[in-house]
Each structure stands twice: as C-alpha cells, then as structure tokens.
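Colleague: Sequence:
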Amino acid sequence: MDDDIRSPEEAFSLLANETRFGILRALWDAEDDALSFSELRERSGVSDSGQFNYHLGKLVGAFVRETEGGYALRYAGYQAIGAVLAGAYTRETTVDPVPVDGACPECGGPLEASYREERARIGCANCGAAITEYDVPPGIVDAYEPEELPHVFDRWVRTQMPQHLAGFCPRCLGRLRTALAPDLSAEDDPPAVTHECDRCVFSSYSVVGAVVLDHPAVVAFHYDHGVDLRETPLWELDWIVSSRHELVSTDPPRARVYVRYGDEELAVDVDADGDVTDVKRRPA
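For the sequence shown, the working numbering assigns the number 110 to the initial residue and increments by one for each residue that follows.
Source of the hints: derived by calculation from the structure; they are not laboratory data. Just to be clear, a hint being listed does not mean it is correct.
Below, in silico cross-link-like pairs of lysine to aspartate or glutamate (DMTMM-like), each with a Cα-Cα straight-line distance of 20 Å or less [to be verified]: (1) K389 with D333; (2) K167 with E148; (3) K389 with E373; (4) K389 with D378; (5) K389 with E355; (6) K167 with E119; (7) K167 with E127; (8) K167 with D157; (9) K389 with E374; (10) K167 with E177; (11) K389 with D372; (12) K389 with D323; (13) K167 with E151.
Label-pair ranges, simulated between beta-carbon atoms [said to hold, decoys possible]: (14) G371 with T268: 27 to 35 Å; (15) Y370 with A238: 43 to 51 Å; (16) S145 with L282: 24 to 32 Å; (17) G218 with G178: 55 to 63 Å; (18) Y253 with G218: 37 to 45 Å.
We treat Cβ as the ideally placed atom computed from N, Cα and C, and that holds for glycine.
Turn these sequences into a full structure, and let the hints guide you.
Modeller: And the structure:
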C-alpha cells in the first residue's frame, strides 16, 4: 500500500498555528459543505490573502482535501477538531461520587460513580471494590448532569467493547488484538482478556464475561428470562464478573463463561483470540 506517510511529529506541527486551526474550525462549522477559497478565508477571519493561502496549503493533503466544489475536511481534520471539542486537550473535569442503583457483588454495599483524571469508575462506597473503570473523554461528561453519569458511563463502555472486538484501536484506529490472558487473573477472579494495539501503546483488559455480552445467544438467553440487555447496566449483570467463569484449557488458552437465570444456564466457550466457539444451554 503506497501511502504518503507523515511522522506524528510532522502531522502535529501542522496544527501548531492559530490560523490553521481557524481554517479547520471554519470547515468543521460548514458541516458537509465544501467552501471556496474566498468563503473559507472570510469564515476563518484572515484578511491577508497571501498568508491565508500559505497556511491553507500546509493543511491540504493532511487535514484538508481540495475538491471541484472547494475545500473540505479530510478524516484526520474531523478527528483533530473533534478531539478538541471532546475536551481531550482543553478540559480538566472532576465529578464527585454520585449514588448508583445496585449493590456491590463483593460485600452488598451501595455503589457510586465518580470521574477523575478522565477516568470513570463505578465502585463500592463501603469496601472500595471497583466494578468497572474506563477512560471517558471530558466532553462527554460536561454534557450531562451528575445524576445522569452512571447511565452515560454504561453507554460509553458499551460503545467501546464492540470496537475492541472488531479490532480497531480507540486511540489511533490501528489493528487491535484481543487475547485471553490467564496470567493476569488472580486465583479467585474470572479469566482476563487483553486488547493491545499493533501501532500505538494502547492496551486494556477486561474480564472474559464482557466479550460475550453482545453474542446473539447471550442476548436471546437474557430476553427469554425477561432481561433486556440494552436497558440493564453492566454492574447489574453479576455474571459478567462471576468467579464461576473458568479457564478450561491453557494450551491453547480457552475459557468458559456461565450465565445463569433461575433453573437454566448458558455455557459459552471463548478461545485464545476472544472469539465465541461454542454455546450450550442447559438446566442449571
């Protein structure tokens, strides 16, 4: 694949100018409409035509595309402005703990949600156990009232897991590889799954139960038992972090996830790459 590849340093240096950022913002505000040279210069607020032409030329190819109808943002341009609006470079937001419906699976204590240093956390107010933790952009948090944040955090995590399993890094869109990682699990904890990017340093992990959440058999099993997974927060699904999940093979690694409701159980096998290989529905 023959691509015109720029180094990260070169790409970022192109944005280190107020005029260039103003050009990108003007194109963002134009939505899907291409702007002519004169329209773009006027909306960018640059009076000197020569200076404007120079800075626009630096952006064309990397962040801006030139079409027959004028100038428009490339994907990288949308990403750059979107990151600023999401607060990735401009906000520092903290949210004090707010109550969360549900009980701690460890001690039965009350749950609470908090947000600090761009990380959302659902945990126990009594024993301190973390139910789920995840990076969340500040721009998401700023758009909601504190009491809405538990639901927002749940929705955000649910958007990220399918992206991980589809193999796309949430930071650089490089290839993300999912794998069972039994060495990361304590003796009484469910098997862990890692997600690591081939391109950047992104790495995260989850319990194996999380990777089967959207599998059709798991969704149908819950629906048959009167549970709509779309409306049920992750922390209310105690089977996701159940210690009953087990590593059934180490060479190659293979795990089994158990989902139980009433007198029925679903056993879901997961292979070394985090893919579901077998599902059995049986009496509990």
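Colleague: Each hint needs a verdict: does it hold in this structure or not?
Modeller: Verification of the hints:
no., hint, result
1, K389 with D333, "holds (15 Å)"
2, K167 with E148, "holds (18 Å)"
3, K389 with E373, "holds (11 Å)"
4, K389 with D378, "holds (9 Å)"
5, K389 with E355, "holds (15 Å)"
6, K167 with E119, "holds (11 Å)"
7, K167 with E127, "holds (13 Å)"
8, K167 with D157, "holds (16 Å)"
9, K389 with E374, "holds (8 Å)"
10, K167 with E177, "holds (19 Å)"
11, K389 with D372, "holds (14 Å)"
12, K389 with D323, "holds (16 Å)"
13, K167 with E151, "holds (18 Å)"
14, G371 with T268: 27 to 35 Å, "holds (30 Å)"
15, Y370 with A238: 43 to 51 Å, "violated (23 Å)"
16, S145 with L282: 24 to 32 Å, "holds (31 Å)"
17, G218 with G178: 55 to 63 Å, "holds (60 Å)"
18, Y253 with G218: 37 to 45 Å, "violated (25 Å)"
Consistency note: the structure conflicts with the earlier hints numbered 15, 18.
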